[in-house]
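Those protein sequence lines, which keep their order, are chains A and B. Take the working numbering: the final residue in the first sequence is number 402, and no numbers are missing along the way. Take the working numbering: the final residue in the second sequence is number 804, and no numbers are missing along the way.
These are calculated hints, taken from the structure and not from any lab test. Just to be clear, a hint being listed does not mean it is correct.
[Stated by the list, open to error] Not everything, but these chain A residues come out facing chain B in the computed CB check (under 10 Å):
#	residue
1	Arg188
2	His196
3	Val252
4	Leu270
5	Thr300
6	Ala302
7	Leu303
8	Ile372
9	Thr395
[Said to hold, decoys possible] Simulated DEER-style distance windows between Cβ atoms:
#	chain 1	residue 1	chain 2	residue 2	range
10	A	Arg109	B	Arg533	27 to 37 Å
11	B	Arg547	A	Glu130	31 to 41 Å
12	B	Glu622	A	Arg71	47 to 57 Å
13	A	Ser293	B	Val631	24 to 34 Å
14	A	Ala106	B	Asp574	33 to 43 Å
15	B	Asp613	A	Gly367	25 to 35 Å
16	A	Asp81	B	Ala573	16 to 26 Å
17	B	Ser642	A	Arg214	52 to 62 Å
18	B	Gly566	A	Glu69	36 to 46 Å
19	B	Thr639	A	Ile155	30 to 40 Å
[As the list claims (entries may be wrong)] Coverage of chain B stretches by chain A, computed from C-beta distances (three or more under 8 Å per stretch; other residues unrestricted):
#	stretch
20	494 to 503
21	531 to 538
22	552 to 561
23	582 to 592
24	663 to 672
Think of the CB as a built atom: it goes at the ideal place given N, C-alpha and C, for glycine as much as any other residue.
2 protein chains.
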Amino acid sequence: MVAILDADDAAEFLGPLPETQVAEALDDVTPETAAAVLREFPADEQADLLGELRKDRAERILSAMDPAEAREVRALRAYADDVAGGVMVTEHLALSAASTVGEVVATLRDRADEVEDLDVQYVYLVDAAERLVGVLRLRDLLLARAARPATDLMIPDPLRVLDGAGVDELADFFEEHAFVGVPVVDERDRLLGVVHRGAVDEALRERADRDRRRSQGLLEDELRSMPLVRRAGGRLTWLSLNVVLNVVAASVIAAFEDTLQRVIALAVFLPIISDMSGCSGNQAVAVSMRELSLGLVRPTEALRVWGQEVTVGLLNGLALGVLVAVGGWLWQGNPWFGAVVGGALALNTVVAVSLGGCVPLVLKRLGLDPAIGSGPILTTVTDMCGFFLVLGLATLALPRIV
Amino acid sequence: MVAILDADDAAEFLGPLPETQVAEALDDVTPETAAAVLREFPADEQADLLGELRKDRAERILSAMDPAEAREVRALRAYADDVAGGVMVTEHLALSAASTVGEVVATLRDRADEVEDLDVQYVYLVDAAERLVGVLRLRDLLLARAARPATDLMIPDPLRVLDGAGVDELADFFEEHAFVGVPVVDERDRLLGVVHRGAVDEALRERADRDRRRSQGLLEDELRSMPLVRRAGGRLTWLSLNVVLNVVAASVIAAFEDTLQRVIALAVFLPIISDMSGCSGNQAVAVSMRELSLGLVRPTEALRVWGQEVTVGLLNGLALGVLVAVGGWLWQGNPWFGAVVGGALALNTVVAVSLGGCVPLVLKRLGLDPAIGSGPILTTVTDMCGFFLVLGLATLALPRIV
């Protein structure tokens, strides 16, 4: 379909689609058509899209592009997605710091089309070595006489970020400063591009989405239009690890076969304990992840978090435990049976929220990714502990519940 | 602490904190101090912050505010968080459409401080009835002669949104148009404010975060600084529902007590089947939620989604089933035992991904919230089905596995 539209229309049609789908479309046409369509995207999106393609295919499209543009895109591809160089736009207006206000306005007039396309709000002033000297705001130009040196109006030595600055740093920057964009420089202070506030928001959102998918063992960008083997394989790796962890946890049950044989009704409560502890623990994980991302808790404060979770765990554990205990008592007609299953659930709820609250902090402190590791660790440990509590308490109370 | 800072510093200090924490700080000071601190926030944030307070407390702070400002904030509070009126800023420059370019520039010069604070990019032209007539861009003003009527330069009849437009509609708008902001009008076309692209991104991100927390039975904004009873209560409601659903699912086990009594080793596999089916099903839920939010699948396409999930389920079910079957065989020294537990896991994986892929679409089609309902429905049904498969197959194969 891309082949029968002209490049401009094709880019407009493809623009709102997810990157993987645009890349697929680019994969289906000649390198020349792909290069023509790519031209209609900003340089940073060109780099992202080429990154989605096979390496040899991306090279062929780059060869079909204008050499100067191809060079720029190659430079952008060297940046990770989550640093300033990866989210900046390279299209910006940089003029000589030796200009007058009149010369700047004349340049804007000459390049009116470009100004329009870029939705320019700032003009950057650079010295002969392309180092950033100052920033001019359009509204200041509007209010000044033409003969004044541009350096009179500029914000001198403006705030800037290094091309390697991470998106968290950029988010902090935009939280602190009410700017629409910030200039990006390299280590020699040469102006490379501009990061816009919206691009940082989007990068953060994409990262959060990716983290969430990775925490469930999905490909970062899984869509059902992807090849079957890739989708199934991505999910399977994580599922296989989970089977192994599950078997480890369930081996606790095997150790108590005698007790279970004598009170078979306990088997009904094992999956209940496992599932409920998982729910309680994951609630605590979610609150810790939120507080970490808002900067309201530091990885060293596990003890404080534990104190705050344990009270919630005691309250909710008591409530759930009583509910299950009464159910178990009525079903088996034996209060001791109810006490065993209810008590195990109550105790394990405390264990689950304690672990759930602290594991993300501990993983973060160890430099590991809490979004990925927290779930499997939590589930395995709370399952083992829950099975041990039900069957252990039952073994102690065996004379009374058989 | 807020009480000992001046209002400006206090607002700067509080600005980056989550709304609930700022609201708590405002709750701790006199209504007069709170009103003075609030003044330093934009009107839309004032409305959001007052919304976090108890109603009588918010009223007392509103009474301590400048009457005109209080009226504006009251009007903003009437809007939901996820419509244009709720995310717009009311601070903007609206000038008479009868102005000349020179008059507009003179006004900008007079109100330079305000222009600075608002980071103005556009000036709106309105008629005598405050209806939106056109938009002026600063860069166009910069390039025009002072005597020209402003209407010559303006973009006439500019794109606008109604105050009741939802954030999804706004997101579509900004996806389609490369604007920084869009004017918001009421039903009589009077200009009310401006929605910025960044505010829409933030509203979408907040909504996604809230949905995720609600899907785990958390308060939308739970932080550990909140009162214990509120936190515990919020989580408990959802946990109690889950206990009941879990008991319903586990009742399948009770129905097969005889089989379980004779092959007690099966009890080890019940929690494994339950957990693994939950994992596989939730992966499919996550992909459906992503495709729904990207607009790549419609709620009526459940059949296509089912077809795409069932193949993944067959592949992964086979792999996981073989893994578990071999484990079961080696452990019990009985290939039939392995076949029962492995076969049940394989079949239930297909069930889980089929349900996980389709349930979000079906809920969406029924007008229910797929983020909240999908998890509990999926877990309960796959648990019941999984327990039935393990114990049902075992009952059929009983002579060979005892």
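Should the interface hint for His196(A) be scored as holding, given a Cβ-Cβ cut-off of 10 Å against chain B? holds (9 Å)
Using the Cβ atoms, figure out if Asp81(A) sits within 16 to 26 Å of Ala573(B). With Cβ atoms ~21 Å apart, the hint holds.
Restraint: Val252(A) near chain B, CB-CB cut 10 Å. Satisfied or not? holds (9 Å)
Can we keep the Thr395(A) interface hint, with Cβ of chain B closer than 10 Å? violated (15 Å)
Satisfaction of the Ile372(A) interface hint, Cβ to chain B closer than 10 Å: violated (14 Å)
Proposed interface contact between Thr300(A) and chain B, which counts if any beta carbon pair is under 10 Å: violated (15 Å)
So the hint says 25 to 35 Å: do the beta-carbon atoms of Asp613(B) and Gly367(A) match that? holds (30 Å)
Can you tell me if the stretch 531 to 538 of chain B counts as covered by chain A, using C-beta to C-beta distances under 8 Å and a minimum of three residues? Not satisfied, violated; 0 residues make the cut.
Assertion that chain A covers the stretch 494 to 503 of chain B - criterion: three or more residues, beta-carbon distance below 8 Å: violated (count 0)
Check the following: the C-beta atoms of Thr639(B) and Ile155(A) are separated by a distance inside 30 to 40 Å. violated (53 Å)
Can you confirm whether chain A covers the stretch 582 to 592 of chain B, using C-beta to C-beta distances below 8 Å and requiring at least three such residues? Violated - the stretch 582 to 592 of chain B has 1 residues with a Cβ nearer than 8 Å to chain A, which falls short of three.
Looking only at beta-carbon atoms, does the pair Ser642(B), Arg214(A) fall within the given range of 52 to 62 Å? With Cβ atoms ~31 Å apart, the hint is violated.
Figure legend: structure checked against the earlier numbered hints; hints not met, in rising order: 1, 5, 6, 7, 8, 9, 17, 19, 20, 21, 22, 23.
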